[in-house]
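Enquirer: We have chain A already, so just place chain D on it with the hints.
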Amino acid sequence: MLAAGRRRALRRHGWLVRRLALGAVTLFLVSVVVFAATQALPSDPAQSILGRGAQPEQLEALRQQLGLDRPLVTQYLDWLGGALTLDMGNSLSASNTSVADLIGPRLENSALLLGITGLLLVTVSVVVGVLCALYRDSPADHATQGAALVANALPEFVVGTLLVIMFSTVVLQWLPAVSLASDQSPLSDPKTMVLPVATLLIVTLPYLMRLVRGSMLDVLRAHYVEMARLKGVEERRILWRHVLPNALVPAIQGSAATLAYLAGGIVVVETLFNYPGLGSQLTTSMGVRDLPVIQACVLLLAALYVVLNLIADILTVVVTPRLRTRMR
Amino acid sequence: MATVDVTRLAKPPTLAPQRLASLRAALRTGRTRIGLALTVPVLLIVILGPLVAPHTPIEPVVAPYASPSGDALLGGDAIGRDVLSRALWGGWSVVWMCFAATALGFVVGIAVGLIAGYARNWVDDVLTGAMDVLLAFPAIVMALLFVSMLGPKLWLITVIVAVTHAPRVARLTRGVTLEVVHSEFVEAAEVIGVARWRILLGQILPNLSTPLLIEFTMRLTWSIAIIAAMSFLGYGIQPPDANWGLMINENRQGLVVQPWGVLAPIALIAAFAVGVNLIGEGIARAMGQDDTLAYRELS
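Line by line, the protein sequences give chains A and D. Reading the first sequence from the start, the letters are residues 0 to 327 in numbering that gives the first Met the number 0. Reading the second sequence from the start, the letters are residues 0 to 298 in numbering that gives the first Met the number 0.
The set of hints was computed from the structure by calculation and includes no laboratory data. Please note that a few of the clues may not be correct.
Pair ranges (Cβ atoms, derived) [as the list claims (entries may be wrong)]:
(1) G128/D x L71/A: 53 to 63 Å
(2) E233/A x L42/D: 48 to 58 Å
(3) E186/D x H222/A: 27 to 37 Å
If you want the ones that stay clear, here's a sample from chain A, every Cβ over 10 Å from chain D, calculated [claimed, not checked]:
(4) A36
(5) A45
(6) L83
(7) V121
(8) P138
(9) N151
(10) L200
(11) R228
(12) R240
(13) A262
(14) R288
(15) A301
(16) A311
According to the in silico footprint, chain A covers these stretches of chain D (three or more CB under 8 Å from chain A) [to be verified]:
(17) 98-110
(18) 143-156
(19) 247-259
Note that the Cβ used here is the ideal one computed from N, Cα and C, for glycine as well.
Isolated chain D, as found in the complex:
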């Protein structure tokens, strides 16, 4: 009898159906709807854009800073390339790097946070200390430092941005782990001898899913800010290839004559960043975690 009771205790509370319900509730919030209305079109442009673009992103088709015409619907850029085509081509690198950097940062951050929070001994001290050192660099400074030294390779930027995410995710994960680790179901699992990694992945991780899901959208927004800013500063995709951040920098001088070269990429970046953020805010609201967002970590 006793064993039966303990094994039942050892099961984590079944959260899955509840979680799906909350996601559906998130879809009903105005924030998530507006967020999706902004994000989905941008993603469609990013994916389908290269297929429907009237020109390649690198061939000059009109005069530099030409006004919008039949040849170039949004006018020409600094050297006469089609702004519309470059905007259609230029999102892919921004978007895949954002997703890859955020995902990688999450995998590393969750692993470190879980281990640190569950260990609660010198391992915790060492990991937390290492994360604090990484946190001392403003994310953009850290990214610029390594990329300017090692060269603007796209995988490198992705990895570095992930490195700037990891300590922040680790801190969140560790905090929630410390809360969960004393619950009865974890103690029960320890008592009946469940392997440590199974406890971490099977008992503790599921309880982190809500805060982590919200954090993911917030981190994704930061990725967009950093990666677009990096390419704006010239440490992203290299000319002549198209990239939204790069486009803004290239066409800034002609702002007065031909604002579309700057406005088009800015609108796309803004819609994507604001959209993703609103989706996260909606999820947070639906799951009753509005307040925690106010206290979340910056950067």
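Extracted from the complex, chain A is given alone in its bound form:
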């Protein structure tokens, strides 16, 4: 008995180990792409950073600082080692500030933005999606689906700008359009977070809500639900015991996909609202070609995606007995 149990545990862990290894390999290749795009592809990164007017001595000094005179493989390994030990060198634009110091607080702010948005997103889309499926084809369902069809297609900066027009400039003046204090935590003035969160929500809600509604409808049509109904099981018990647990499984993957999408969405939204996070730091650094900061931001955003997908895959397997036994 014990031996069988241990073997089973080992099997499950075997799957987990493979999935984790796959995640690690993906992250490694992601780092190769980031390095290639920033340091290997541009013919002379020093020149592209400093621009055409740069003096030869300046160029030489920067090449030294970035270690561009060494072979690419050495450069890459050095850079990867730095990234793994959170030592990405110094920012090129903010003098004497290490990349870690520059990005740390911004990472917190972005995490805050993503956390609040994610929490609201999952709650609202599950509740609304489930209700829409239960009251399918009611006027409320039609209205919600119609609104979702429109919101689904709008780019973030269009939604954000429309919100600014409505709530902070032309029509009403309730909320600040931008957060001005760039080194303060947004928590010191929570009002500044309302519009960024609202924008991200409007852009992502339709997708997750429709996914929940669709998978609810599928499960409601399933034979085992019909069976339960024919057996005379209470309607409420059917919903909580048979429908919801199965219908919400795709929502796990969907939530992860949406949060991962938000990793890109915050770049535009933070820039639009001047929110002091990772995304606005990325666009600022791109503007001045601050190579180490760009590399760090992109790596973090891509890592977020890989980790979220990993968590979603694991959660899905854990809550789905069918998959749990199939995985060896």
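Expert: Using the frame of chain A, we list chain D on its own:
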């Protein structure tokens, strides 16, 4: 006798007439009609706009942020150029880049997906792995990374946006290919020795047309979002040329005084994006694929 039977089996099911009927059915859905009502006027503005624009997009004609007047029907922008003329000129680059990026992403994605799905061996593993790496970058981050490093050239943006589409199209194509590859008509074609590329293009691809057509409209919507966002962030067409995304960024500061400089390009981008999306939704509904849309991939 036996050979005759096999060759008949090898023919793919004739889908064409049915498909046209479904497209006609799509035209009857409210979604597609509203979608066309939004998209067609925008495309007309994009194509005919430069011909009817009262001014060039780059000459200042009124005071900065001037209110609408006879000289400038929608007022002036941040440096006094005619907002109407800039809106009329500024769609072309957005629209051609969207179509080109989506089409290119589809060609690459379909090729990769077909090959991976049909091969089902180490080729599949390598291709799927490579696509997974590309998928790890949020599309806009990937596009910004390469364009900010290599310069805001329009062809480069188009190619990069296509690269962000390709893995997502490839994943869809591979999935459907895996479903079709075991059907009798594919096996029959293999048995009678039809060349591999002919099987891929002649037997498998036609079966993908419905999901791919729907996916195309969805991808086009994403292209609009990414390309307009890129030019909004300054990585698109460069000033002083006109572009809808750029216009929004340029005129944002004067929003309170002169909202038209922002509202005009926003309305055009929104109408185009929502319109294209609704056309796709209508096609999906007409072909009974509403449900698959709910499960489609994000970004």
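Enquirer: Take the hints in turn and mark each one as holding or not.
Expert: For each hint, the structure was consulted:
For G128/D and L71/A, the hinted distance range of 53 to 63 Å is not satisfied, since their beta carbons lie about 22 Å from each other. For E233/A and L42/D, the Cβ-Cβ distance of about 55 Å falls inside the hinted range of 48 to 58 Å, so the restraint holds. Remark: the range hint 27 to 37 Å for E186/D to H222/A is upheld by a beta-carbon distance near 31 Å. A Cβ of chain D approaches the Cβ of A36/A within 10 Å, the least distance being about 5 Å, so the stated non-interface status is violated.
For A45/A, the shortest C-beta to C-beta distance to chain D comes to about 13 Å, beyond the 10 Å cut-off, and the non-interface label holds. The claim that L83/A lies off the interface holds: its Cβ sits roughly 17 Å from the closest Cβ of chain D, which is beyond the 10 Å cut-off. The Cβ of V121/A sits about 14 Å from the closest Cβ of chain D, beyond the 10 Å cut-off, so the non-interface label holds. Consistency note on P138/A: stated as away from chain D, and its beta-carbon is indeed over 10 Å from all of that chain's, at 16 Å minimum.
At the 10 Å boundary, the C-beta of N151/A falls inside the reach of chain D, the nearest C-beta of that chain being 6 Å off. Once the 10 Å rule is applied to beta carbons, L200/A is consistent with being away from chain D; the minimum gap is 15 Å. Separation of R228/A from chain D is adequate, the least Cβ-Cβ distance of about 21 Å exceeding the 10 Å criterion. Against chain D, the non-interface label of R240/A holds: every CB pair exceeds 10 Å, the least being about 23 Å.
A beta-carbon of chain D comes within 10 Å of the beta-carbon of A262/A; the shortest separation is about 5 Å. Interface exclusion of R288/A from chain D breaks down, the closest Cβ pair being 7 Å apart, not more than 10 Å. A beta-carbon of chain D comes within 10 Å of the beta-carbon of A301/A; the shortest separation is about 5 Å. With 10 Å as the threshold on Cβ separation, the claim that A311/A sits away from chain D holds: the shortest Cβ distance comes to roughly 12 Å.
Residues of the region 98-110 of chain D with a Cβ under 8 Å from some Cβ of chain A number 0, which does not satisfy the need for three, so the listed coverage is violated. With 6 residues bearing a CB less than 8 Å from a CB of chain A, the region 143-156 of chain D meets the requirement of three and the coverage assertion stands. By the rule of at least three residues with a Cβ nearer than 8 Å to a Cβ of chain A, the coverage given for the region 247-259 of chain D holds, with 5 such residues.
Violated hints for the displayed structure, listed by number in ascending order: 1, 4, 9, 13, 14, 15, 17.
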